[in-house]
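Asker: Those sequence lines, one after another, are chains C and Z.
Residue numbers 1 to 116, in full-length UniProt numbering, belong to the letters of the first sequence in order.
Residue numbers 1 to 211, in full-length UniProt numbering, belong to the letters of the second sequence in order.
Hints are all accurate, no fakes.
Below, simulated DMTMM-like cross-link-like pairs (lysine to aspartate or glutamate); rule was C-alpha separation at most 25 Å, straight line:
| no. | chain 1 | residue 1 | chain 2 | residue 2 |
| --- | --- | --- | --- | --- |
| 1 | Z | 208 | Z | 156 |
| 2 | Z | 208 | Z | 162 |
| 3 | Z | 60 | Z | 47 |
| 4 | C | 81 | Z | 47 |
| 5 | C | 81 | Z | 171 |
| 6 | Z | 208 | Z | 72 |
| 7 | Z | 44 | C | 21 |
| 8 | Z | 44 | C | 87 |
| 9 | C | 95 | Z | 42 |
| 10 | Z | 60 | C | 21 |
| 11 | C | 81 | Z | 37 |
| 12 | Z | 208 | Z | 152 |
| 13 | C | 95 | Z | 47 |
| 14 | Z | 44 | C | 84 |
| 15 | C | 95 | Z | 37 |
| 16 | Z | 44 | C | 44 |
| 17 | Z | 44 | C | 74 |
| 18 | Z | 76 | Z | 162 |
| 19 | Z | 76 | Z | 205 |
| 20 | Z | 44 | C | 112 |
| 21 | C | 81 | Z | 42 |
| 22 | Z | 76 | Z | 89 |
| 23 | C | 81 | Z | 23 |
| 24 | Z | 60 | Z | 167 |
| 25 | Z | 208 | Z | 185 |
| 26 | Z | 60 | Z | 82 |
| 27 | C | 95 | Z | 23 |
For the record, the hints were derived by calculation from the structure and aren't laboratory data.
It should be emphasised that the depicted structure is a prediction, and the values quoted were computed from it without experimental measurement.
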Amino acid sequence: MNRVEAVAPLKARDGEPAFAEPWQAQVMAVAAALVAAGRFSAADWSNALGAEIARAEAAGRPDNAETYYQCALEALEHLAKANDLTDSTALGVRKAAWIEAYEHTPHGKPVELPPD
Amino acid sequence: MTSYDAKKIIDIHQHLHSDLPSDPALRVKALESLLVEQGLVDPKAIDAWIDLYAEEIGPKRGARVVARAWTDPAYKERLLADGTAAITEFGYQGHATGHVLAVENSDRVHNVVVCTLCSCYPFALLGMSPGWYKSAEYRARIVREPRAVLREFGVDLPENTEIRVWDSTSELRYLVLPQRPAGTEGLDEAALAALVTRNSMIGTDILKARM
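Assemble the whole structure, with the sequences as input and the hints as a guide.
Answerer: Below, the structure is given as structure tokens:
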């Protein structure tokens, strides 16, 4: 089953939005769900995220929320691959399928992957 | 010299298909849809997480814990002895929050929390972490020069106040128990909870009675 409904606009709090974009929330949610499902540990997640952040800092990337969530995405992809949950090929193919689906879905219609 | 680099092509592509999500958004979607299909993760857990953290909780759960500790000395004792258990008394289930240690501010000691490695944070109590908490600047400077950083937050501590900086891990998170503001003796627990700010529970704010 493919579910693609957009995440509702995320509420601002303390004058600062929790997430600038829905995908940022999605990354944290998927990571938390994988920890909860026992696919990797909270410590694995924190170490992987810490390593990505250290790399971004060393590379002089801007110190902001966008970089932080980019690092979270890198860390999540890395852990998913390291734990054999997926691999680069599958991710690439699936991303291309989503692009294809977006390009061929008329405006206003929900975007769904075609059945295999 | 090529006239089109990959980035330019992507930009043009995105312009033509303005509904096409950004690259990271597509990557998350790809990963999530694969994991869900293979039954490796429960889509309901993902949605529930987003609802919980983005809309529902915010810092108010932590604020209730703080207000209870201010009004109930026995609760405060339990909170300081075993934060995780005391917080469970409220029925809060903190996924991925790990163990919580409550650290109490006083006239002599001011506590402040950081995660120098990444940005471990008691999400279940405080909602999503603020942007500055995740910044490299805060993570590095609060350890090196806490007094100066706190001053930038408007927290000007007397020279003889000891500042303790707590470094969170994935196993252990910290909740600062701020000092109850003077002039709030007549307030009940709910009214007190409304005074407690997120930053005060991280240690970057000192509470005042807003009456």
